[in-house]
Amino acid sequence: MAERVRVKALMPPGHVRAPAYLRGKTGVIERRLGTFGNPEQLAYGHKAGKKHLLRVRFTMAELWGEGAEAPDDTVDAEIYEHWLEEA
Amino acid sequence: MPHDHHDHLSPSGHPFRPDNDSPLTYWQQMEIAVRELLIEKGVMTPAEIAAQIDAMDARNPANGAAVVARAWVDLDFKARLLADAAAASREMGFDIGPLNLIAVENTERVHNLIVCTLCSCYPRNLLGLPPDWYKTREYRSRAVREPRTVLREFGVELSDDMQVRVHDSTADMRYIVLPARPAGTADLTEAQLAELVTRDSMIGTGLPRNAL
Amino acid sequence: MKGRLKLSLMSDIDGRRWHDMGGQPAGDIPMEGHDFALWEKRVDALMVLCGGKGLFTVDGLRRALEDMGEEAFEKHSYYERWIASVNQNLIEAGTYTLEELALKMQEVAERGPSYAEAQTDG
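Protein chains in written order, with our numbering: chain A, 1 to 87; chain B, 88 to 299; chain C, 300 to 421.
Calculated directly from the structure, the hints in this document are not laboratory data. Incorrect hints may appear among the rest.
FRET-style restraints, in silico, Cβ to Cβ [stated by the list, open to error]:
1) C:Glu391 <-> A:Lys8: 24 to 32 Å
2) B:Pro133 <-> C:Gly314: 38 to 46 Å
3) A:Gly65 <-> B:Asn297: 34 to 42 Å
4) B:Pro185 <-> C:Gln405: 33 to 41 Å
Derived pair list, reagent style DSS-like, types lysine-lysine, alpha-carbon separation capped at 25 Å [stated by the list, open to error]:
5) C:Lys374 <-> B:Lys128
6) C:Lys352 <-> B:Lys128
7) A:Lys51 <-> C:Lys352
8) A:Lys50 <-> A:Lys8
9) C:Lys340 <-> B:Lys222
10) C:Lys340 <-> A:Lys47
11) B:Lys222 <-> C:Lys374
12) C:Lys352 <-> A:Lys50
13) B:Lys222 <-> A:Lys47
14) C:Lys340 <-> B:Lys128
15) A:Lys51 <-> A:Lys8
16) A:Lys8 <-> A:Lys47
The beta-carbon is built from N, C-alpha and C at its ideal position, and this holds for glycine as well.
The following block holds chain A by itself, in its conformation from the complex (with noise of 0.2 Å):
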């Protein structure tokens, strides 16, 4: 996966932790983490697909344009591969 990633902006109704405020922002990744049960699957019970997970830095100019406290501060977040395409 390319080093600059796009949270995908999709708004389904269920458990998902993509945060809202990540989703179609652009960051890169921070570190891959390895793969875990998809939690999409486990909140409702099921057996879960593993994923991989990744963090992702996005820098806070990214996040909030111009009203940014502070445009190089930064947010990482943890994502999991089907949340994210390339930029």
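Put chains B and C on the given structure of chain A with help from the hints.
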């Protein structure tokens, strides 16, 4: 009949704990019922529940402070902590269960702050249960948008040339901040250094105490 | 006109769920804390043990908490919501039935008016 006297004794002859003596709430009623059903069904035993409560009570910020102090005095340990904070904590003998832990290091240029915007994920298996403010709408909402303003509310002033890195605990990892060792502590022992490490300094909403 | 109508409908429901709070406007952080009561520690222990025994996952706990909605978050305390979610997940897992729960809750209430008296072990 409500028991409103402080000296009221339970059938066992011991005083009621203050939190046990108020009128039974709906949720407490549910807790007792769920617990007893789990025991009757053979899912768990009262001893397991008591042991789990004891294990959680034994987890507290002093455990994290010991890890931080070790990293301040032992650079090899610090390298292992930054590579795998869970393994390093286990190496010190702490029972942290299945915790996946990442340590993030504060430096002269970088300040780290931990939050969980989706719920209240916290490195509970090392530091114990989180403070109430960590679970509030206010902290969860604002930490990723205006961390410097949030830090100011906690009494932490950062200069403009410092970078703030916020870590949103969105999935399977938990985080602990490795605060920078305070100046003027060269003569302190590891145990004395651990005394300087506050809970909030390991979440990033505080700094270590200064040495006296 | 058609496009504009669609846009305004879209903005009514942006898809963000109530618990997904990152970046939302909010006031000063309340700093007061409290010590955990025995019943709260028990709720915590039940969750950890149920998870360890594979009855349900922390994701299931969160899912039921989210589905309770924002009003429950504002109205009920942290462990009040947790025991409701633990119970919801155990019902779904088939660990006990609603009938068993109803009878047990009635039995508990009949033991006495305080938390201590409502225990079988006093």
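Here's how the hints hold up against the structure:
1. C:Glu391 <-> A:Lys8: 24 to 32 Å: The hint (24 to 32 Å, Cβ to Cβ) holds, given that Glu391 of chain C and Lys8 of chain A are roughly 29 Å apart.
2. B:Pro133 <-> C:Gly314: 38 to 46 Å: holds, 45 Å
3. A:Gly65 <-> B:Asn297: 34 to 42 Å: The hinted range 34 to 42 Å holds for Gly65 of chain A and Asn297 of chain B, with Cβ atoms some 38 Å apart.
4. B:Pro185 <-> C:Gln405: 33 to 41 Å: The hint (33 to 41 Å, Cβ to Cβ) holds, given that Pro185 of chain B and Gln405 of chain C are roughly 37 Å apart.
5. C:Lys374 <-> B:Lys128: violated, 32 Å
6. C:Lys352 <-> B:Lys128: Cα-Cα ~13 Å, so holds.
7. A:Lys51 <-> C:Lys352: holds, 23 Å
8. A:Lys50 <-> A:Lys8: holds, 19 Å
9. C:Lys340 <-> B:Lys222: Cα-Cα ~16 Å, so holds.
10. C:Lys340 <-> A:Lys47: Outside the cut-off at roughly 29 Å; violated.
11. B:Lys222 <-> C:Lys374: holds, 14 Å
12. C:Lys352 <-> A:Lys50: holds, 20 Å
13. B:Lys222 <-> A:Lys47: violated, 29 Å
14. C:Lys340 <-> B:Lys128: holds, 21 Å
15. A:Lys51 <-> A:Lys8: Holds: Lys51 of chain A and Lys8 of chain A sit about 16 Å apart, inside 25 Å.
16. A:Lys8 <-> A:Lys47: holds, 24 Å
Checked against the numbered hints given earlier, the structure breaks hints 5, 10, 13 and satisfies all the rest.
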